[in-house]
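> Per this note's numbering, the sequence shown starts with residue 1, numbered consecutively.
Derived from the structure by calculation, the hints contain no laboratory data.
Glycine residues also receive a C-beta, built at the ideal position from the N, C-alpha and C atoms.
Treat each hint with caution, since some may be false.
Restraint-style ranges between C-beta atoms, simulated for each label pair [said to hold, decoys possible]:
1. TYR258 <-> GLN93: 27 to 35 Å
2. GLU135 <-> GLN210: 37 to 45 Å
3. VAL245 <-> ARG172: 16 to 24 Å
4. ASP87 <-> ASN183: 23 to 31 Å
5. ARG172 <-> ASP77: 14 to 22 Å
6. GLU160 <-> HIS134: 24 to 32 Å
7. GLN101 <-> PRO237: 45 to 53 Å
8. ASN32 <-> GLY120: 45 to 53 Å
9. GLN101 <-> ALA250: 35 to 43 Å
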Amino acid sequence: MSKSGKMLASDFDRTFYVNCEITEANTRAVENWRQQGNLFVIATGREESILREKLEEWEAEADYLICNNGARIVSWDGRLLYEKIMDTVEVLQMTDYLLEQYGMPVDVTCKSFRKQVITGTDPEKDLIMYNGIHETITQEDFRKACREVLQVHVRFSNNEETCKAAEAINARYPGAEAFVNENNVDIVSRGLGKAEGIAILAKAISFQGQIAAIGDAHNDLGMLRRYQGCTLQAANPAIRQEIPVSRTFADVAACLTYLSIN
1 MSKSGKMLAS DFDRTFYVNC EITEANTRAV ENWRQQGNLF VIATGREESI LREKLEEWEA
61 EADYLICNNG ARIVSWDGRL LYEKIMDTVE VLQMTDYLLE QYGMPVDVTC KSFRKQVITG
121 TDPEKDLIMY NGIHETITQE DFRKACREVL QVHVRFSNNE ETCKAAEAIN ARYPGAEAFV
181 NENNVDIVSR GLGKAEGIAI LAKAISFQGQ IAAIGDAHND LGMLRRYQGC TLQAANPAIR
241 QEIPVSRTFA DVAACLTYLS IN
C-alpha cells in the first residue's frame, strides 16, 4: 500500500451499490484502481456485517471500511482502527423520545448486537422494518441491555419529517449528531461523520496522498466539501449543485477513471 498514492472514499447505497447491485464495471474499476497502488474506501452509515455481506455477494473489495458514519473503522482483513461509542444515558433518552414522539421503532447498533427497539404494546408498529435485523427488544428490556452503542437509526415516511427529526435530535442531545440520508436519520457521537472518519483513517495509516470522495446524499456533504468532492448524475439535485459538472459522473467506475489521470 502506497502512503502517497490516491484514495477514493465512496458512499455505498445509491453510489457504489445502486438499484440493489454493484455493477461489474464498478468492481473492475476498483480492482484496476487498487492495482495502481491507490486505496478504495467505503464510507457508509451501514454497520460492518451487513456491509460485508453485500460486498462479498457482489465479489467487491475495499481497503478500508468506514462504518456507522465514522463510529467504526476497520481494514478489509478486520483490523479495528477506530471505534467510538455513544453516551448510554443519552441513547436511552433518545430511544424513548423517538418511540414516544414519532411512534417509530428504533434500530440500534451496539458492539455486541443490533436490534430493533419497540414499545411492545403495538403489534403493527412492532414489526421488523430494518434490513439485517432479526430480533426486536422492548423499551424495558433495552434499558437493561443498552451498552456500547455505536449508532442509532430511525426511518421515516418522508424527507420533511426526517429533516425535522434530525434537527430536534441535534438540538436536544449535545453528545449526539444526527445525519439525514433520504428518509433515514443516522445518529452517532457528536463530532463524527464520514468526513471525520476519513481524517481519522488517513491519520491511522499515515496516508499523505490525494483524497477524493464521492456520494449522492445530504449525509455525504461533509466529506464532499472537505475532500475533492465528486457525485453522480443521478444524485440529489441539492448535492449536484455543490459539485462542478467536471466531477459529476455516471458511476463510480467513471469517477475512478477520471481520478486516475487527474
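> ARG172 and ASP77, beta-carbon distance inside 14 to 22 Å?
violated, 39 Å
> Hint says 23 to 31 Å; check whether the CB-CB distance for ASP87 and ASN183 agrees.
holds, 26 Å
> Go ahead and decide if the range 16 to 24 Å is satisfied by the Cβ distance of VAL245 to ARG172.
At 39 Å between Cβs, range violated.
> If you check the beta carbons of GLN101 and ALA250, does the distance land in 35 to 43 Å?
Given about 41 Å between the Cβ atoms, the range holds.
> Assuming the hint says 45 to 53 Å, is it satisfied by the Cβ distance from ASN32 to GLY120 or not?
holds, 51 Å
> In this structure, is the beta-carbon distance linking GLU160 and HIS134 contained in 24 to 32 Å?
holds, 31 Å
> Between GLU135 and GLN210, is the Cβ distance one that fits in 37 to 45 Å?
holds, 43 Å
> Between GLN101 and PRO237, is the Cβ distance one that fits in 45 to 53 Å?
violated, 30 Å
> Does the Cβ-Cβ separation between TYR258 and GLN93 fall within 27 to 35 Å?
violated, 45 Å
Hint compliance for this structure: hints 1, 3, 5, 7 are not met, and every other hint is.
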